[in-house]
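Engineer: Sequence:
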Amino acid sequence: MQDYKARSKSEERLLKLSIGVTILMASANLIVGIITDSSSIVFDGFYSYLDAGMTTLSLLVVRLISRDTLEVDNGERKRYFQFGFWHFEPMVLAFNSIVLICVTFYEFIISILNIISGGHNIDFEKAVLYSIVASIICFIMGLYERRCNKHIKSDFIALDAKAWIVAGLLLLAIVFAFICGILLKSSAYHWIVFYVDSIVLMGICLFIIPSAIYTMKCATFEIFQMTPPELDLQVREVLYPIVIRHGFLDFYTYVTKTGRARVIEIYLIVPLHYPIKRISSLDAIRYEIGEAIGGLGEERWLTISFTSQKRWAI
886 MQDYKARSKS
896 EERLLKLSIG
906 VTILMASANL
916 IVGIITDSSS
926 IVFDGFYSYL
936 DAGMTTLSLL
946 VVRLISRDTL
956 EVDNGERKRY
966 FQFGFWHFEP
976 MVLAFNSIVL
986 ICVTFYEFII
996 SILNIISGGH
1006 NIDFEKAVLY
1016 SIVASIICFI
1026 MGLYERRCNK
1036 HIKSDFIALD
1046 AKAWIVAGLL
1056 LLAIVFAFIC
1066 GILLKSSAYH
1076 WIVFYVDSIV
1086 LMGICLFIIP
1096 SAIYTMKCAT
1106 FEIFQMTPPE
1116 LDLQVREVLY
1126 PIVIRHGFLD
1136 FYTYVTKTGR
1146 ARVIEIYLIV
1156 PLHYPIKRIS
1166 SLDAIRYEIG
1176 EAIGGLGEER
1186 WLTISFTSQK
1196 RWAI
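Residue numbers (this note's numbering): 886 to 1199.
Bear in mind the hints are in silico, worked out from the structure with no lab data behind them.
Ideal Cβ placement from N, Cα and C applies to all residues, glycine included.
Dumping the calculated SDA-like pairs for lysine to any residue here, alpha-carbon to alpha-carbon at most 25 Å: (1) K901 - T1100; (2) K1047 - G1088; (3) K1102 - L945.
Here are the in silico distance ranges between beta carbons for each label pair: (4) K1070 - I997: 22 to 30 Å; (5) Y1159 - Y1125: 13 to 21 Å; (6) I1164 - P1114: 29 to 37 Å.
Working from the sequences, and respecting the hints, build out all of it.
Structural biologist: Next up, the structure:
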């Protein structure tokens, strides 16, 4: 439990740091975007503000989950959320993805309209200089969070670290495109310069939308408590030899994943006159199954029941 407390505090600390840096980056993006007249940098600023808002929601969920886990460990339990707050995690991710898809699609349409209307010129030199500095900050944040998350093992931190790396790569793409714009200024294709910013913004949108759709799909699966095939297979492979070794007739499993929580229910069908000397012998079987499944901790909800009638398991 002490290890869980330490990991929770580290998770909160990283999320707070990420929120602070994101807000500063978003403000800088808007200022530089307006100065250079770059729609792609302005959009990156709005995207960063949105990301900061979603990370704040993630932080609130992390606090709820951490507080609930500690209360359960002390023998307390919420009246209205007796199964914990795990289900808030995929809800936050789904909401984040939906908002991001809507905003990105809107910006994609705006960039197309801008191209149709003839495009616009921007201050490429200032935009390139700022984008290089911003991309370095993004990579530093992403790599730092990844290193810290090796111990914390948080889905929120992993997602946030990935977002920082992706932001850094997008900024490098902007740098490359704007350098091309600088080179085109003095060439026979100087007319393309007016469309570079809009084309870059379209590219960013096309890059973000598929990733957001994938995140929304995964989060939706968890909200509807659909069974993850890999977790279902893992539990079944663990049970087959144990059921045979102890002489049970059959077993039924019900598994799902909600956020970081794995919910596993196992029903073991025992013969009608199965010899049970002590309740502790059944607890020993439970312990054996739990050890074989692995992942012992606050994120695993494991229920193992013994019955001689299948109707209690179906």
